[in-house]
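Participant: From first to last, the protein sequence lines stand for chains A and B. For the first sequence, this note's numbering begins at 1 and goes up steadily by one. For the second sequence, this note's numbering begins at 1 and goes up steadily by one.
Do not rely on the hints blindly, as some may be mistaken.
Claimed, not checked - Simulated crosslink set (SDA-like; lysine to any residue; CA at most 25 Å straight-line): (1) B:Lys-22 / B:Ile-60; (2) A:Lys-200 / B:Ile-60; (3) A:Lys-335 / A:Ile-258; (4) A:Lys-364 / A:Phe-8; (5) A:Lys-195 / B:Lys-22; (6) B:Lys-4 / B:Thr-162; (7) A:Lys-197 / B:Arg-180; (8) B:Lys-50 / B:Thr-66; (9) B:Lys-183 / A:Ile-374; (10) A:Lys-197 / B:Gln-121; (11) B:Lys-50 / A:Ala-222.
Hints in this document: simulated from the structure, not taken from any laboratory. The structure displayed is predicted, hence computed values, not measured ones.
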Amino acid sequence: MHIKYESFVREPLVNGDKTYHQVTEDIIGPIEKKPGRMWYIGFFFSVALLCFGIFSVTWAVYWGLGTWGVNRTIGWGWDITNFVWWVGIGHAGTLISAILLLFRQGWRTGVNRAAEAMTIFAVMCAGQFPIFHMGRVWDGFFVLPYPNTRGPLWPNFNSPLLWDVFAISTYFTVSLLFWYSGLIPDFATIRDRAKTKFRKLAYGVASFGWTGSVKNWQRHEALALVLAGLSTPLVLSVHTIVSFDFATSVIPGWHTTIFPPYFVAGAIFSGFAMVNTLLVISRKILHLEDYITIGHLEAMNKVIVLTGSIVGVAYLTELFIAWYSGAYGEQQAFKWRIMGPYWWSYWAMMTCNVVSPQLFWVKKLRRNIPFTFIMSIVVNIGMWFERFVIIVTSLYRDWIPGSWAYYSPTWPEVGFYLGTFGLFFTCYFLFAKYFPIVAVAEIKFVLKTSGDNYKRGMETIEAQSEEDFIHEVETHHAHA
Amino acid sequence: MAIKKFAVACYDDEEVLFPALKTVRHSGYKLHDIYTPFAVHGLDEAMGLKGTDLHIAGFIFGLCGTSTALGFISWILTSDWPLNFGGKPHFSLPAWIPITFELTVLFSAVGMVLTWCYLNQVMPGVKKHVFHPRQSDDYFVMAVELNDQTSEQEVVDFLKTTGAKETSVQIAEDSWWYGRFDKEEAYQKL
């Protein structure tokens, strides 16, 4: 008798008649083939964007930040907006791999690899903005606490901006370790079935000589669990600390205690949207519809509607507190957000983040792939506007009316932003070509409980009466 | 760290593997290791392996991170170069918590992964013998060590009765060495 049983209420996580070998074929197969035309077009386009980004950044570094549209009133413009936006996107991967591992959510196995990769690439993109925002980027290493000849003069450990340096670099390192330790067994799979010499050598190095010994697997599981336990508070801390960059200041619109949970919810919101954007395309092109099922997309859409609603409540709470506090500066800041010269950004944010995700309450729409794809982009547009609203529309009208200003970006700023898209997608295209984008070993682990064909095999058990089932289990245990 | 002779049995289902493992352990032959394509729960206990203490390493590394951060920041801001931030106390612990937390996580994660690599003996450039190329695909591969007292044929026949799909006898290094996976070692052809 089969001992593994999962309720029929749960959708299968792997569709079709899959064996362990078929799983390997389906996921590793595309790595061994030449990529299709779409891949080359996409990759070329990404590299072109990246080159334009490098040109824009070089321009800004060479001529100075005067080439950007930021001014003395609005010192943070598109750069910091984009930084927060990318960091936010980078929250989904570790949330899926860590928090959902602790919650024992089986569906994470289909999407965690790609989501973690996305996290790492997004954090790489995010990191560029504060670095080049420094202006004299060649002095960037001053943020590191190292014994220097200036005293030694140390960075200010009480500053949220320095906390951010530690938070982002720790987050990047830990996400990378988590991702790579999961990849090692899958690289071993590619290595062992490799036909070409070079692939054997390259994946042999990449797999660290992994053989799948039982003791190694035992430690692997322990490592994954503890890294998940460490990453869970880490994920929450990173965007909390990003929000401290704003919340610890005394600028109306920034100086609020709601920021940490509101930022974290927003980060998960945009991160899941980006995962959906990437996976809807990847599953189609790499023919992984059986592993990244509509059920997976629906689960992520559910997270999107939840976090979107949290963000909506946070927006309304901000408005209420601004009114209720009786603080004149605060009230004006929020009035101008809604009705000032930047009204369009506020309403774009409200529409994209609060109103449109509510459509996901309808099950038909949650399971509709084109709609999911469009919504995933709408959500990320909305989340970009959220950061723009928080940053620019808090700064542009400060305490002295004489210094009020307006801000719009110049081409090097826009080019910088486009360049990070180039970086992100260049990395993602390389990842999709050379790495297994679904965790092969983890899919095999859930296959017998959640695979479609194995679940169908449970129908006999399902038809049994409870007494018969219990009797059978008891005799089975007596024999074993 | 020695070249040995192994009888190798490949199973294609973990539900066959478990009873087979039980039989092999009862038989008294020396079980070398089992290689599986994914983490099979309960196999470590069935083999009689103890649990891992890796998380203790993680805890100790974490403590190192905490003390490094607190020690370093408090030394800098109270004795090496005290700065006056708006009259606030030099020893301002709450403001140090974020960095302390981040360094705790960083030390713990990095330390634990390095410990993991050390214990598992995995590293770029490290090579180990792969008994069957499908052990990372869909085979569960059991290697039994042979010596002067065991008859090769007897062990292979015995393994066949446990439900093995494929059996073989291989000469291999039982541990790791520096090597490349695109080159085969000479002794394997002995």
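Participant: A:Lys-364 and A:Phe-8: Cα distance at most 25 Å?
Facilitator: With a Cα-Cα distance of about 21 Å, the restraint between A:Lys-364 and A:Phe-8 holds, given a limit of 25 Å.
Participant: Given the hinted pair A:Lys-200 and B:Ile-60, is their Cα-Cα distance within 25 Å?
Facilitator: Violated, because 37 Å separates the two Cα atoms, which is more than 25 Å.
Participant: Starting from A:Lys-197, check that the Cα of B:Arg-180 is at most 25 Å away, please.
Facilitator: holds, 10 Å
Participant: Does B:Lys-22 pair with B:Ile-60 here, judged by a C-alpha cut-off of 25 Å?
Facilitator: Violated: B:Lys-22 and B:Ile-60 sit about 37 Å apart, past 25 Å.
Participant: Holds or violated: A:Lys-335 and A:Ile-258, Cα atoms, limit 25 Å.
Facilitator: The hint holds at about 19 Å.
Participant: Can you confirm whether the C-alpha distance between B:Lys-50 and B:Thr-66 stays at or below 25 Å?
Facilitator: violated, 30 Å
Participant: Is it true that the CA of A:Lys-195 sits at most 25 Å from the CA of B:Lys-22?
Facilitator: violated, 36 Å
Participant: Between B:Lys-4 and B:Thr-162, is the straight-line Cα distance small enough, at 25 Å or below?
Facilitator: holds, 23 Å
Participant: Given the hinted pair B:Lys-183 and A:Ile-374, is their Cα-Cα distance within 25 Å?
Facilitator: violated, 49 Å
Participant: Going straight from one Cα to the other, do B:Lys-50 and A:Ala-222 come out at no more than 25 Å?
Facilitator: holds, 13 Å
Participant: CA of A:Lys-197 to CA of B:Gln-121, is that 25 Å or under?
Facilitator: holds, 24 Å
In summary, the numbered hints that this structure violates are 1, 2, 5, 8 and 9.
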